[in-house]
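J.: Protein chains in written order, with UniProt numbering: chain E, 1 to 277; chain G, 1 to 374; chain L, 1 to 268.
Hints are computed from structural coordinates only; laboratory data are not their basis. Computed from a prediction, not measured in an experiment: that's the story for all the values here. The beta carbon of each residue, even a glycine, is placed where N, CA and C say it ideally should be. You may find that some hints are simply not true.
Keeping only pairs whose Cα atoms sit at most 30 Å apart, straight-line, the calculated DSS-like set for lysine-lysine is [said to hold, decoys possible]:
(1) 6(E) - 45(L)
(2) 84(L) - 255(E)
(3) 6(L) - 256(E)
(4) 14(G) - 84(L)
(5) 105(G) - 76(G)
(6) 256(E) - 86(L)
(7) 30(G) - 76(G)
(8) 84(L) - 22(G)
(9) 6(E) - 14(G)
(10) 106(L) - 53(E)
(11) 6(L) - 176(E)
(12) 84(L) - 6(E)
(13) 106(L) - 255(E)
(14) 255(E) - 86(L)
(15) 32(G) - 22(G)
(16) 45(L) - 92(E)
(17) 256(E) - 14(G)
(18) 22(G) - 6(L)
(19) 46(E) - 106(L)
(20) 103(G) - 84(L)
(21) 29(G) - 14(G)
(22) 92(E) - 131(G)
(23) 14(G) - 86(L)
(24) 3(G) - 115(G)
(25) 45(L) - 255(E)
(26) 323(G) - 271(G)
(27) 76(G) - 86(L)
(28) 3(G) - 105(G)
If we take Cβ atoms under 7 Å as the criterion, some of the chain E residues that face chain L in the derived model are [as the list claims (entries may be wrong)]:
(29) 35
(30) 37
(31) 82
(32) 111
If you want the building blocks of each chain, they are given just below.
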Amino acid sequence: MKKNTKRSSVYLAVVFILLYLPILYLFFYSFNKAGTMNQFQGFTFKHYSALQKDTRLLIIALDTLRVALLSSLAATVIGTLGAIGIYFSRAKRTQRILINLNTILLVSPDVIIGASFLLLFTLIGFRLGFYSVLVSHIAFSIPIVVLMVLPKLEEMNEHMITAGRDLGANQWQVLKEIILPDIRPGVFAGFFMAFTYSIDDFAVSFFVTGNGFATLAVEIYSRARQGVSLEINALSTLLFLVTIGLVLIYYFIQKKQRSKKQPLSLDPTNHEKAVRP
Amino acid sequence: MEKNIVSFTHVEKKYEEEYVLKDITFELKKGKFYTLLGPSGCGKSTILNIIAGFTQPSSGVVVLNGDNAINTPAEKRKVNTVFQDYALFPHMNVFDNVAFGLKLKRISKQQIREKVKTALQLVRLNGFENKETTEMSGGQKQRVAIARAIVNEPDVLLLDEPLSALDLKLRTEMQYELRALQRRLGITFLFVTHDQEEALAMSDEIMVMKNGEIVQTGTPMDIYDEPINRYVADFIGESNIVKGRMLSDYLVSFAGKRFVCVDGGMNTNEKVDVVIRPEDLTVTDADAGQIQITVETQLFRGVHYEIVGLDQSGNEWLIHSTKKTESGKIVGLTFQPEDIHIMRLSETEEDFDERIEQYTTSVNADEKGADFHG
Amino acid sequence: MDKQRKLLSAPYYLWMGLFVVVPVLLMLFQSFRDMDGSFTFLNLKGYFTSPVYLYMTGQSFLYAFLITAMTLFISYPAAYFLTKTKHKQLWLLVLILPTWINILLKAYAFIGILSQSGLVNQLLGVMGVGPQPLLFTRSSFLIVATYIEIPFMLLPLFNALDGIEGSLILASRDLGANEWQTFRSVVYPLSLSGVRSGIQAVFIPSLSLFMLTRLIAGNRVMTLGTAIEQHFLVTKNWGMGSVMGIVLIVIVFVVMGLTRKHQRGGIG
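Construct all of the structure, not just a fragment, from the sequences and the given hints.
T.: So, in structure tokens, the structure goes:
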């Protein structure tokens with residue numbers, strides 16, 4: 001038993017190192033005096049100050065954030081309402097079809113989304129730029145919101161709705177006072193995932209950004225094609241720190257909600273079950 | 001002397017600093033039906049896990065079938081478990097579930113088929129071989145779980161609250177069946193439950209547990225009639241427990257009166273708890289009764305009326321009576337000396353057994369004495 | 001009351017219709033148009049008779065298969081061991097945290113690591129092997145793609161393995177199976193649903209990775225995704241690009257169909 005535990009820890013440690021090595025490599029060289037990603041010649045912050053002066057990149061970063069926030073908000077609203085619609089659709093067959101459709105959208109390749117959006121925007125004469133990117137990001141974020149919200153709806157005790165109606169709440173009040181508070185963790189998770197999807201996206205944006213507008217990923221791509229620039233390293237270090245911060249905040253909020261919801265898991269009477277191997 | 005299949009000697013289990021089991025010592029003999037009875041979290045499932053080999057005790061000796069079992073892994077023990085949630089493999093049908101253990105033993109396909117068939121017959125699931133377990137009702141899953149365990153012919157069958165998920169009617173039915181099955185197979189059963197009726201109905205011997213300790217061990221009759229303390233009396237069934245005082249051997253005072261009883265061996269004027277079971281109380285006219293009570297409430301329970309009343313000293317009495325009365329009425333209660341059970345406030349099981357042996361035999365010599373000396 | 005609910009979810013259906021169904025229909029329509037916009041079967045015919053395109057599709061398939069197999073091979077033990085660690089949720093988070101780093105940045109990191117005088121070649125130098133051309137090769141593409149896809153495989157595998165009731169494992173041990181037998185006959189079959197979702201989550205994106213083929217493989221690898229991007233954005237041959245898009249969509253449906261949950265009782 002002991003030997004196995006040791007072997008599995010070693011394996012996990014190796015996977016961990018492999019996953020983090022490239023990222024740390026990136027960070028490490030962001031402090032390199034020389035302009036390359038291989039010979040470390042001394043410590044410097046100069047790439048960070050160059051980043052500070054690079055107004056083009058800063059504007060792009062802000063634009064990316066703007067797209068991410070707006071698109072994830074819109075996707076959360078539309079996706080949550082959509083999930084409620086799917087959940088309440090009477091015919092189970094319709095429900096299953098809708099859920100399958102959602103899954104297919106979720107796994108559909110970015111290239112298809114990007115290319116087909118390019119077709120659409122060109123056809124209706126929609127100018128490529130901020131709004132075309134925003135619209136596409138909303139579209140590909142909706143399925144992930146639905147995916148996060150639906151299970152919460154299914155977990156919900158349906159008698160609560162009946163009870164709410166029985167106590168005199170109208171349809172709108174039931175939604176606002178009962179359903180939404182109950183599925184809030186799912187909605188929150190959906191928003192978070194949509195936000196990270198948007199920040200992370202390259203392929204779709206690449207098709208629909210047009211000339212005057214860029215997201216960070218698109219900009220990094222065009223810079224990386226020209227070769228290594230340690231400004232990108234500096235930028236990625238900052239981005240990663242922000243991301244880690246966000247993810248950790250998210251994790252602890254989720255954890256807090258979990259323990260608030262099920263204080264029983266800390267109940268000593270459950271001890272026997274909890275410590276079973 | 002019959003053979004000990006399982007024996008625990010001073011077994012303890014603690015998680016971090018918290019004791020889950022404290023100094024557990026007991027023996028299980030071949031072919032008997034044992035029950036561990038206690039509320040959830042009292043450590044009864046931990047005992048099961050230690051016997052099955054899922055958990056290691058922190059200290060103490062566990063002997064299975066004559067061999068020290070501490071280092072024997074779960075799969076090498078001739079012990080099988082029926083889990084509370086059945087734990088049927090969802091990706092296998094009934095046959096594959098039941099045959100799981102046999103297939104690992106490399107016996108011929110023909111033999112496996114026969115054994116599975118016999119096992120399914122025993123639990124009355126003939127012809128269910130190709131059913132998916134996910135399509136079955138709770139009661140049927142339960143039977144599959146039992147068949148899966150007994151087909152391996154274990155020395156001990158462990159049953160972890162196996163009936164708790166079934167409805168009342170099915171549960172009662174399964175109690176009969178389990179008891180019959182145990183008799184037929186002659187395998188030692190160790191049954192875990194928090195339901196005293198289940199324990200009383202099926203067991204040869206009951207071990208009542210509280211906070212990681214075995215408080216009392218005995219036949220259902222013993223435990224029902226002579227609970228060692230208020231906890232057992234309360235747990236084992238509905239009872240009236242009132243405070244009293246021992247005046248001398250065979251004479252006790254409670255509810256402001258003196259009564260002849262069958263217990264002794266205590267100090268003069270020692271404070272005690274007095275237990276009288278609701279069904280041992282008979283309602284009569286006020287002046288014919290040994291105690292007078294004012295009826296507070298009366299509920300019709302089908303088999304009997306459940307009457308609650310107060311005596312002059314303010315003790316509450318619960319009576320199961322086939323005759324009805326009226327609330328507000330003053331009635332009398334009668335009972336026999338042997339219906340009065342005296343419990344000392346803190347007495348160990350050894351002291352209790354010794355005292356009982358001395359003092360009950362003189363009055364109830366006929367059957368009980370034989371039981372204790374045997 | 002149902003009307004109100006339908007009204008609430010109207011934006012969802014509208015959005016999905018306008019931005020999912022319509023674009024895909026447009027793509028289908030476009031695949032029957034030539035460069036001047038008139039109706040033609042030439043794109044379709046061109047694709048299915050061109051050895052270059054068919055070879056490219058096959059190659060794309062092969063790479064996606066290899067990437068999926070490698071991620072599965074690495075992630076399965078990791079997910080299995082993860083379920084046995086003490087603070088498994090936290091460790092899982094740690095292992096999938098790299099997902100939140102932009103894929104571009106990760107690819108960019110590998111440009112440094114695999115370059116002529118990068119980390120790997122320095123290590124090789126220490127071992128006495130001269131610098132190897134690592135970047136812009138097929139194997140570098142496989143390595144980087146595998147690296148990027150690991151968390152997407154790990155997560156569904158972990159969820160499936162973690163969802164297996166502990167009592168099933170105990171039951172198996174109880175019935176006489178040792179650890180390996182328990183794994184083979186209980187844990188593995190019950191984790192297959194996770195394997196299927198993992199394959200979905202990795203195989204399909206691997207078919208369409210187009211940026212990695214440029215940055216890491218130096219155009220030595222052509223995937224369907226690369227070809228589509230090229231036809232849409234470089235050569236502007238939207239008709240042929242759309243044909244490939246439709247082919248990709250069909251493949252997606254086939255993969256989804258093959259890895260669909262079997263409707264058998266309560267498990268997938």
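J.: Please work out if residue 6(E) and residue 14(G) have their alpha carbons no farther apart than 30 Å.
T.: With a Cα-Cα distance of about 24 Å, the restraint between residue 6(E) and residue 14(G) holds, given a limit of 30 Å.
J.: If you draw a straight line from the CA of residue 76(G) to the CA of residue 86(L), is it 30 Å or shorter?
T.: holds, 27 Å
J.: Does the interface hint hold: is residue 111(E) within less than 7 Å of chain L, judged Cβ to Cβ?
T.: holds, 4 Å
J.: Would you mind confirming whether the straight-line C-alpha gap from residue 6(L) to residue 176(E) stays at or under 30 Å?
T.: holds, 16 Å
J.: Check whether the Cα positions of residue 6(E) and residue 45(L) lie no farther apart than 30 Å.
T.: violated, 58 Å
J.: Are residue 103(G) and residue 84(L) close enough, with their CA atoms no more than 30 Å apart?
T.: holds, 27 Å
J.: If you draw a straight line from the CA of residue 3(G) to the CA of residue 105(G), is it 30 Å or shorter?
T.: Holds. Residue 3(G) to residue 105(G) sits at ~26 Å (cutoff 30 Å).
J.: Verify the proposed pairing of residue 14(G) with residue 86(L), using a straight-line Cα cut of 30 Å.
T.: holds, 18 Å
J.: Quick one, are residue 84(L) and residue 6(E) close enough, alpha carbons at most 30 Å?
T.: holds, 12 Å
J.: Holds or violated: are the alpha carbons of residue 92(E) and residue 131(G) at most 30 Å from each other?
T.: Between residue 92(E) and residue 131(G) the Cα gap is close to 26 Å, so the pair holds against 30 Å.
J.: Per the CB criterion, is residue 82(E) less than 7 Å away from chain L?
T.: Holds: closest Cβ of chain L sits about 3 Å from residue 82(E), inside 7 Å.
J.: Would you check the hint for residue 106(L) and residue 53(E), treating anything up to 30 Å between C-alpha atoms as holding?
T.: Distance ~24 Å between residue 106(L) and residue 53(E) Cα, so the pair holds.
Checked against the numbered hints above, the structure violates hints 1, 3, 16, 18, 25, 26 and 29; every other hint is satisfied.
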